[in-house]
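Could you put together the complete structure from these sequences and hints?
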Amino acid sequence: MPVLVMKFGGTSVATLDRIKRAAKRVGVEVAKGYDVIVIVSAMSGETNKLVGFVEETSPLFDAREYDAVVSSGENVTAGLMALTLQEMDVPARSWQGWQVPVKTTSAHSAARIEDIPPENIMRKFGEGMKVAVVAGFQGISPEGRITTLGRGGSDTTAVAFAAAFGAERCDIYTDVDGVYTTDPRICDKARKLDRIAFEEMLELASLGAKVLQTRSVELAMRYKVKLRVLSSFEEQSDDAGTLVCDEEDIMESNVVAGVAYSRDEAKMTLVSVADRPGIAAAIFTPLSEAGVNVDMIVQNISEEGRTDMTFSCPTNQVQRAEKAMMEAKAAGKINFHDIVADTAVAKVSVVGIGMRSHTGVAAKMFQVLSKEGINIKVITTSEIKISVLIDRKYMELAVQALHDAFELEKAA
7 MPVLVMKFGG TSVATLDRIK RAAKRVGVEV AKGYDVIVIV SAMSGETNKL
57 VGFVEETSPL FDAREYDAVV SSGENVTAGL MALTLQEMDV PARSWQGWQV
107 PVKTTSAHSA ARIEDIPPEN IMRKFGEGMK VAVVAGFQGI SPEGRITTLG
157 RGGSDTTAVA FAAAFGAERC DIYTDVDGVY TTDPRICDKA RKLDRIAFEE
207 MLELASLGAK VLQTRSVELA MRYKVKLRVL SSFEEQSDDA GTLVCDEEDI
257 MESNVVAGVA YSRDEAKMTL VSVADRPGIA AAIFTPLSEA GVNVDMIVQN
307 ISEEGRTDMT FSCPTNQVQR AEKAMMEAKA AGKINFHDIV ADTAVAKVSV
357 VGIGMRSHTG VAAKMFQVLS KEGINIKVIT TSEIKISVLI DRKYMELAVQ
407 ALHDAFELEK AA
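Those letters in the sequence shown? Residues 7 to 418, per this note's numbering, in order.
The hints are simulated quantities; they were obtained by calculation from the structure and are not laboratory data. What you are looking at is a predicted structure, and each value in this text was computed from that prediction instead of being measured. For every residue, glycine included, the Cβ atom is placed at its ideal position computed from N, Cα and C. Treat the hints loosely; a few may be bogus.
Said to hold, decoys possible - Derived Cβ-Cβ restraints for the label pairs, each shown as a range:
| no. | residue 1 | residue 2 | range |
| --- | --- | --- | --- |
| 1 | D255 | R282 | 43 to 51 Å |
| 2 | E224 | L22 | 28 to 36 Å |
| 3 | S388 | K195 | 21 to 29 Å |
| 4 | G150 | L22 | 42 to 50 Å |
| 5 | P123 | V346 | 49 to 57 Å |
| 6 | A336 | P283 | 18 to 26 Å |
| 7 | D252 | V75 | 48 to 56 Å |
Unchecked claim - When the alpha-carbon atoms are kept at most 25 Å apart in a straight line, the in silico SDA-like pairs for lysine to any residue are as follows:
| no. | residue 1 | residue 2 |
| --- | --- | --- |
| 8 | K399 | V304 |
| 9 | K377 | G366 |
| 10 | K30 | R175 |
| 11 | K383 | E328 |
The following block contains the structure:
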């Protein structure tokens, strides 16, 4: 039988009624002749509650016990989903990560999947099981301890299973009905995309679009897993949702596929750094070791052996970055006059595979922002993306203006 992977996020399984609705969708696919692997998240709000319990019990917690507690939310959902399917006369059973087994690294709370042997589940399919309900977000370390994959890890679990089992498709059910050209809450002209290329989705996910977790898109692109994003709360047709697929599977696409934004950005500048070989490594190695997620980097022209180095990072990592820089300065690794943080900025980006073969996208983007009186603080580009840092108060205006300028409400 062909295998289909279906993943249901926390809002899709938040109540017993919603679990029943999800189970009915699974039943429809079983009736079509699929063996189905269902990946479930914890019921909405459950993981946050469990994390709270751990932090209240032990502020400096053992990460192995953290994983043991936090992974239990998915176990509950998996068992309830299997029971619901059994009540519908669909042969189903639940699987925890260690039973599959989902083999991971030992990095507790941020483990990475290394292998998913298909033999155990395939043997049960051969014995008549139609649905394997797998607890997402979790696996087992080489030491035999439960691990978790970090926030959004159930998306990654789903794609990894689709790759391991050669699934026909991986359907991600969530609280939105697909991938949009931008956030519909900001721009009422936002249009749902029928298809989007892996690379575009990867850029949008990394830039702040929260439809899919970045690691899941990376995996899908690497293993050519067709992903479909669908709503749990709407009636489905065969062409519902958005298909995330290879660029070759898209006949026509706009030059720009979407406009993404990230609200909680900060711009940090090291003023008057000694300009010498290795200075970039001396700055960004301590930041990396401190867990600071650096994004945009700009270095000014050197004058009299000094330069300014500017980079962006999430606002909640500013203090960590400042501490790392001051420690590096105290240790004599770098020398600078001052460190300045601007925590009132936002990142706005345009993304599209069509930018590879069309010129003028950057010029048009900058003209649009200039016309709206929006000053650009930092610019970075890649082959299919242009990102700018601007004052946060202009973020929504910038998103709307760019969406209009590139006519994203129109299909290609």
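TODO: Run the structure past the numbered hints and jot down the numbers of the failing ones, going up.
DONE: 4 and 7
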